[in-house]
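I would like the entire structure built from these sequences, with the hints used as guidance.
Number of protein chains: 2
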Amino acid sequence: MARKENQTLIITDKNQMRTWAKSMRSLLNTIALVPTMGSLHDGHLSLIQEARNHSHLVVVSIYVNPSQFAPSEDLSTYPSDFDGDIRKLNAVPGGVDVVFHPHNLYDYGVESATDCAGMADVSCLEESGSSHETWVRVERLEKGMCGRSRPVFFRGVATVVAKLFNIVDPDVALFGKKDYQQWRIIRRMVRDLDFSINILGFETVRDADGLAMSSRNVRLSPEERQKALSINRSLSKAKSAAERGELNCKRLKNLVVDEIQEAGGELDYAEIVEQESLEVVEEIKSPVVILIAAWFGKVRLIDNIEINI
Amino acid sequence: MARKENQTLIITDKNQMRTWAKSMRSLLNTIALVPTMGSLHDGHLSLIQEARNHSHLVVVSIYVNPSQFAPSEDLSTYPSDFDGDIRKLNAVPGGVDVVFHPHNLYDYGVESATDCAGMADVSCLEESGSSHETWVRVERLEKGMCGRSRPVFFRGVATVVAKLFNIVDPDVALFGKKDYQQWRIIRRMVRDLDFSINILGFETVRDADGLAMSSRNVRLSPEERQKALSINRSLSKAKSAAERGELNCKRLKNLVVDEIQEAGGELDYAEIVEQESLEVVEEIKSPVVILIAAWFGKVRLIDNIEINI
Numbered sequence: 001m002a003r004k005e006n007q008t009l010i011i012t013d014k015n016q017m018r019t020w021a022k023s024m025r026s027l028l029n030t031i032a033l034v035p036t037m038g039s040l041h042d043g044h045l046s047l048i049q050e051a052r053n054h055s056h057l058v059v060v061s062i063y064v065n066p067s068q069f070a071p072s073e074d075l076s077t078y079p080s081d082f083d084g085d086i087r088k089l090n091a092v093p094g095g096v097d098v099v100f101h102p103h104n105l106y107d108y109g110v111e112s113a114t115d116c117a118g119m120a121d122v123s124c125l126e127e128s129g130s131s132h133e134t135w136v137r138v139e140r141l142e143k144g145m146c147g148r149s150r151p152v153f154f155r156g157v158a159t160v161v162a163k164l165f166n167i168v169d170p171d172v173a174l175f176g177k178k179d180y181q182q183w184r185i186i187r188r189m190v191r192d193l194d195f196s197i198n199i200l201g202f203e204t205v206r207d208a209d210g211l212a213m214s215s216r217n218v219r220l221s222p223e224e225r226q227k228a229l230s231i232n233r234s235l236s237k238a239k240s241a242a243e244r245g246e247l248n249c250k251r252l253k254n255l256v257v258d259e260i261q262e263a264g265g266e267l268d269y270a271e272i273v274e275q276e277s278l279e280v281v282e283e284i285k286s287p288v289v290i291l292i293a294a295w296f297g298k299v300r301l302i303d304n305i306e307i308n309i
Numbered sequence: 001m002a003r004k005e006n007q008t009l010i011i012t013d014k015n016q017m018r019t020w021a022k023s024m025r026s027l028l029n030t031i032a033l034v035p036t037m038g039s040l041h042d043g044h045l046s047l048i049q050e051a052r053n054h055s056h057l058v059v060v061s062i063y064v065n066p067s068q069f070a071p072s073e074d075l076s077t078y079p080s081d082f083d084g085d086i087r088k089l090n091a092v093p094g095g096v097d098v099v100f101h102p103h104n105l106y107d108y109g110v111e112s113a114t115d116c117a118g119m120a121d122v123s124c125l126e127e128s129g130s131s132h133e134t135w136v137r138v139e140r141l142e143k144g145m146c147g148r149s150r151p152v153f154f155r156g157v158a159t160v161v162a163k164l165f166n167i168v169d170p171d172v173a174l175f176g177k178k179d180y181q182q183w184r185i186i187r188r189m190v191r192d193l194d195f196s197i198n199i200l201g202f203e204t205v206r207d208a209d210g211l212a213m214s215s216r217n218v219r220l221s222p223e224e225r226q227k228a229l230s231i232n233r234s235l236s237k238a239k240s241a242a243e244r245g246e247l248n249c250k251r252l253k254n255l256v257v258d259e260i261q262e263a264g265g266e267l268d269y270a271e272i273v274e275q276e277s278l279e280v281v282e283e284i285k286s287p288v289v290i291l292i293a294a295w296f297g298k299v300r301l302i303d304n305i306e307i308n309i
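Chains A and B, in that order, give the protein sequences.
Going by our numbering, the first residue of the first sequence is number 1, and it counts up by one from there.
Going by our numbering, the first residue of the second sequence is number 1, and it counts up by one from there.
I should point out that these hints are in silico values taken from the structure, not numbers from a laboratory.
Please read all numbers here as calculations on a predicted model, not as lab measurements.
None of the hints are false.
Simulated crosslink set (DSS-like; lysine-lysine; CA at most 25 Å straight-line):
| # | chain 1 | residue 1 | chain 2 | residue 2 |
| --- | --- | --- | --- | --- |
| 1 | B | 88 | B | 177 |
| 2 | B | 239 | B | 227 |
| 3 | A | 22 | B | 22 |
| 4 | B | 239 | B | 253 |
| 5 | B | 298 | B | 177 |
| 6 | B | 143 | A | 143 |
Rendered as structure tokens:
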């Protein structure tokens, strides 16, 4: 099971993953997990490199989780490039010990579960019989923003992350703060369910033009990408305004909305919320975060900026 | 931390519980967990004794979980006798290594969580701010029977068991099949969330008169207790009838209902369901279980019988 320099062990079977983790733990190794859906970009790679600073061993999971996509969403077109991902991982300084790449985490060897297996254009919403039926709900944090636009999203995210935690048994797990609401939900889940795992969040990695890195960016046309720069621009504008003393959230939100709409983006939401509870605020009195989702063509992008006043 | 013969280590702090489990695991011990709400009777004690056959070490948790009680339910009158429990545990052949007896598993050191802390006559239903908000839902199995009568019950049970699993990190956990729906829900949760824990179910232990042992039995008057014997009698009758060829569930249910009502019990539900999915069946074609809940005075009792045809 030893990892040679620049060579990553690929595990596809969950029992084999458990066995590896158990044997490494018995040798007193600590394990860091970086959960991903593949199509790795520099945002992922910086998380993965960071992971090495927090544990002896690094596991990266690559799994496009079907249960977080509603039937209307882009599961079937979600970008995928496993060979490319492995090449990138092999080039990470310090390397990666294991890539956990399961075929289907919802297949329990019972007939009726196969509906959910095929990664087809279905969510796991309306299953019956003995197929998967257990969901982790983080009831308040899952409600607004992305939770409003994507009704099964956070249910699916929290559940698959709980599954990965139980299979990989990490000491620490690393998440990007680009998915801010997700990061807060995972932290809350870990606290509330008493997982013995340290959840670390890291700053969003951006391209030179300011666009937050996302696996979905590859689906933007050059023109759409140009328009999408309005997201980060609008967030920076609002932050500057707040720092100059504009604390009224309605006016700050208008800055954001105008900038994105003028660029031709279709706003899904823009909210200014308290950083931990994600409760909407009307006047900035303590640290907040501005969270945005917007459509450019057929691509939905999210981004955010913290304002620590 | 060593346990002397007939002396049980009592741990009230969850971090201390984790530390103990981790250190025992590093010595390659396996751990069995028997989750209880205290007021131990011979049903519990036989589970605890059985646990010794499945692991090196035995942990018994004693925690009356407030989140599984609705505000209208009997949290405040639920029987409690910690000193008596410890005496009983010290007398178990082979003994118990740890009693995990936390004060409050929903206190995360944040102000707003204290509402839920005091074991007062409230459920954790309507909390806000940064208090507990994560719930494990086993969406199909939690719906019928006790789930219909007790709306937050299985949500609370699944969640607290997930918490105990994450704190104690057992290899095996033992449950009584008297709480049949609960047992099925825990098994399903463990499968769906990929807990690496073997869930074992054991037969209901009965008093000499046939009444299923329950911590709530102490609250029955002698007269109510006499009436309550109709539960087990009715189940045995229905099972005999099925074994003699009566496979129509409506007629079998009538046998049960009549017996209990004639004795003066108030039926909450009587259902004949498939053993794993707990789906209601109309005609017995494969193994089923009859599940009953009924009130005798102010005490609600449950019981069941498997019919393996």
